[in-house]
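So the sequences go chain by chain: A and B. Counting in our numbering, the first sequence runs from 243 upward without gaps. Counting in our numbering, the second sequence runs from 447 upward without gaps.
No lab work stands behind these hints, which were simulated from the structure alone. Incorrect hints may appear among the rest.
Distance condition first, Cα-Cα at most 25 Å in a straight line; then the derived SDA-like pairs of lysine to any residue [unchecked claim]:
hint, chain 1, residue 1, chain 2, residue 2
1, B, Lys560, B, Gly701
2, B, Lys479, A, Gln275
3, B, Lys560, B, Arg690
4, B, Lys479, A, Gln250
5, B, Lys453, B, Ala684
6, B, Lys479, A, Trp274
7, B, Lys674, A, Gln250
8, B, Lys680, B, Pro708
This one's a predicted model, so the numbers in the text were calculated from it and none came from an experiment.
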Amino acid sequence: MNNRLTRQNRIRLALAALGLGLAAAGLAMGAWQRVLGRAALVCMECIGLG
Amino acid sequence: MKARTWKRRLIQLGAAAAYNCNLPGFFRGTLYKGASKGFCVPGLNCYSCPGAVGACPLGSLQGFLGSGGSGRRALFYVTGLLVLFGLVLGRVICGFLCPFGFLQELLYKLPVPKVKKSRLTRALSWVKYAVLAVLVLAVPLIWGFPGFCRFICPAGTLGGGVPLALANGSIRAAIGGTFWWKLGLAAAIVCAAAFIFRPFCRFLCPLGAIYSLFSKTSLTGVTLDADKCVSCGKCFAACKMDIRQVGDRECIHCGDCLEGCPTGAIFWRTPLHQRNRNGDNA
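Using the sequences plus the hints, can you model the full thing?
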């Protein structure tokens, strides 16, 4: 059981590092502005006009 | 209604209101353009909804998968956020923080005959993974357009398409066949939700499919203490989702199973209060 939990926590740590790393890398490359630029315009596909 | 259910309803209502608090947008037929739209909210909430103050993670994912060159760099950010949401909350997001799930739960309150879960609904619960693989990932990558948003997403139709068409004449003039297809599908899902518990979440939602991948690792949610469990099946009977076991990929952590457990084998874990499956503090 302990080994299983240790493995589960290891996976959690790896996922946290992966998620934070990806998000930080994306932000460093200007992702916030890109998401903002996309989300501030009407998405024709979303509303059924695309 | 139980206190726990009331609490969840309030959180669901709060999340829906927080995602869509740009109320003037509904009257003007325009979108919010503030800085908060650079953040992807955890639940399914169309960024083309006039009230939306955040971005939809699925719409962003498909949009950047379909865009070439430097646009794809934003995928790091969107994917990173999805991993973090999945790790910290998992499908708790479906149960507490998704406005479309909330809407379906309210519709299920209507006094009409109900379709109970069965082997068929359990089998249909796999369809959402096909939707994720084909419409969210493959179609944008190969054909460059967001397949799920274009053909399926009822949140986009009801949250974005209908309010914008009602308030904005130029959008109303551009309505065509795709709009009517999506409106018909959204209407079918809304009608089905009166008879079937959360049909869109169970069978079609690719965001739920993504979060379900974190069911074994997410830090928050209901968990079964295997040593205390006497396999009476009361949790399974209390649950309206297609679960096989508390906390599995279909569990949205609504907590309906908590009161029914005769041995107290089901408990709630949070990032600050982790217990292992033996019930000991970890």
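Provide an ascending list of the numbers of those earlier hints which the structure does not satisfy. 4
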